[in-house]
Amino acid sequence: MKEIYRKWGRAIRYERGRFVRTREAGEAFEEGMFFEARPSGIEAALPEIERGEVERVVREIESLVAPPLTIDRLIVTRGVARHECEGRQWEEETRRLHLAIASPWARAVVDRGDFDLRDLPAIVEALAGARSERPAVRMRLAGSVGAALLPLMAGRDVPGAVIRQVARGVDGKGLPVEECVIVRPPWPNWYRPSYRVRPVRLPLHLRIDPLEGHQSDGPVAVALAAHPEGATLRLLCTGPGGPFIATVTATRIESAKPSARWYPYSGGAFGAELTVSE
Amino acid sequence: MRYALAMRDELWAGGMCLESRFECGGARADGDEIDARDEIDPLLASICEREIEGAREAAALAPGARVRIVARAEREEGRERVSSTITITDAAGVSIVTTRENAGGDLQRLRAALARPVELSAPPKLPMVWRNGSAAILFHEAAGHPAEHRCTPLVWPSWLRVEDVAEEGRADLLAGELPRAVRRESFRDVPMPRMTSLVVSQDGAPFTLPDERVEIAYVTDGSFDPFRGIVTVRVAVAEEIAAGRVRRIAPFAIRIVRARVAESLLGAAGAPERYPGVVCSSEGQQLIVGSHAPVVVTATLT
Chain A
1 MKEIYRKWGR AIRYERGRFV RTREAGEAFE EGMFFEARPS GIEAALPEIE
51 RGEVERVVRE IESLVAPPLT IDRLIVTRGV ARHECEGRQW EEETRRLHLA
101 IASPWARAVV DRGDFDLRDL PAIVEALAGA RSERPAVRMR LAGSVGAALL
151 PLMAGRDVPG AVIRQVARGV DGKGLPVEEC VIVRPPWPNW YRPSYRVRPV
201 RLPLHLRIDP LEGHQSDGPV AVALAAHPEG ATLRLLCTGP GGPFIATVTA
251 TRIESAKPSA RWYPYSGGAF GAELTVSE
Chain B
279 MRYALAMRDE LWAGGMCLES RFECGGARAD GDEIDARDEI DPLLASICER
329 EIEGAREAAA LAPGARVRIV ARAEREEGRE RVSSTITITD AAGVSIVTTR
379 ENAGGDLQRL RAALARPVEL SAPPKLPMVW RNGSAAILFH EAAGHPAEHR
429 CTPLVWPSWL RVEDVAEEGR ADLLAGELPR AVRRESFRDV PMPRMTSLVV
479 SQDGAPFTLP DERVEIAYVT DGSFDPFRGI VTVRVAVAEE IAAGRVRRIA
529 PFAIRIVRAR VAESLLGAAG APERYPGVVC SSEGQQLIVG SHAPVVVTAT
579 LT
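Protein chains in written order, with this note's numbering: chain A, 1 to 278; chain B, 279 to 580.
Some hints could be false.
[As the list claims (entries may be wrong)] Looking from chain B toward chain A, a few residues come up when the C-beta cut is under 8 Å (computed):
#1 295
#2 296
#3 302
#4 311
#5 312
#6 313
#7 434
#8 470
The set of hints was computed from the structure by calculation and includes no laboratory data. Idealized CB from N, CA, C, for every residue including glycine.
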């Protein structure tokens, strides 16, 4: 049976000093092993997106980052989309922020699914002061950092940790995303980041259950200093003696406190203040 | 400024087409805004379809491999460009990026290189001889990307030249010059200075082939971390030549600071040879970059 998916989208994206206004109308077909995608040429009425909100976010971030710090990469996107798959229709509105700030000594990488910048000044301040690396075998992760770890932990045997998919809207085929504990594949839902990409099964909107355990009262990782390589995290940390960089391979989760803020890591993850150790 | 693109991207495996994507659209730049939208350009679309027809024949050359074929027809400032590239990934996971004209020969050479069984689990500490144009990948990471990132140039041997060659002009990458061409993967992307074809050449380089050496023929991929100045090259096919024996080495990674590449250069010989790669990924945009290098000898880099 041929499955037909259609998407109409409009977005404003800031990247490398330009505001890119995109309009797309595309369709994708899946039949057995075969996947095909192409522009549909079918028009749909979608609201225009003004650049004002994206531009305000860009300017606010630029005002926070002063020498010797530099903005290495900044992508701010706001979009609206209408989807249709096998008679199911849904709409979504998205906000995405990807920011990499560099100092002469270190780097901070920030990904957000909203334009709330309240935690950014603390990250900027930590980065400006982080001029050394310290060894660490245990670390407390801020909610935004723990969220990046959840998709990497999903489906792995992490003693004591329960990671679940939270019921939230629909997936890339318009099917409801229902709550379930994430144990092992096959995952129940589909992830489709673009009409040009074949949808894949992926755990969506991950949240970790609260875990009362040893909560480190030592340093806190306030941001990623690089994209994770497996469960190995390079982290920008604050603590007694000032900010520093540390690398921790998170094989154990000792405590967990979930939060309601959503982050665009993999198929989505909610904030998780975690204490992790090697 | 107006840019238009028609692109078809197909994935074949086992002689079957598994995925086919067609993109067609345009972008108009006005001040600091780019207006990009899906729209069919019938002329570019038909040029693109003709181009991929021919490239599909290459998929038949390697029925057991995964083959990705990409045909592009672009128009910018009234000038049209047509290209197609074929990426063939063998069952062993080794890829080559080639063209319709070169696919047959490139595939034959890859198969010959993979025929010898792996006998060594790690590379011995011996001088490295970069054959088959593979040194282009080392310099892509150690000189090309650093130039794109405006890193401070290093001191390189006087016999060495590494240039990016594009219709827009040549850039001396060792001197830290930015590539002259401004490229983009799709009409939705922001164009930026990117390498088009990296050419390594030598003029009067010393050259002694070490009796005992590691010969590198194929590379899986590479990367450059501009922040830490680290060059990573993952070697797919290499052999140890020592004591009159040839033994294939299991894939291994070279991970060194950029300055060590410059310090390690011992010599080079011959004219630049085409290496069948590279798909270069930077800022989320994948572009094909031509790669040419002579035989280059370095100290051990592992």
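Status of each hint after checking the structure:
At a threshold of 8 Å, the smallest CB-CB gap from residue 295/B to chain A is about 7 Å, leaving the interface hint in force. Against a cut-off of 8 Å between C-beta atoms, the interface hint on residue 296/B holds, since the closest Cβ of chain A lies about 6 Å away. Proximity of residue 302/B to chain A holds as hinted, the smallest CB-CB distance being about 6 Å (cut-off 8 Å). Interface hint status for residue 311/B: upheld, as the beta-carbon distance to the closest one in chain A is roughly 5 Å, under 8 Å.
Checking residue 312/B against chain A by beta carbon gives a least distance of about 5 Å; that is within 8 Å, so the hint holds. Contact between residue 313/B and chain A, as hinted, is supported at the beta carbon level, the nearest pair being about 5 Å apart and thus within 8 Å. For residue 434/B, the shortest C-beta to C-beta distance to chain A is roughly 24 Å, which exceeds 8 Å, and the interface hint is violated. At about 6 Å, the closest approach between the beta carbon of residue 470/B and any beta carbon in chain A falls short of 8 Å, and the interface hint on this residue holds.
Hint 7 from the earlier list is the only one contradicted by this structure; the remaining hints agree with it.
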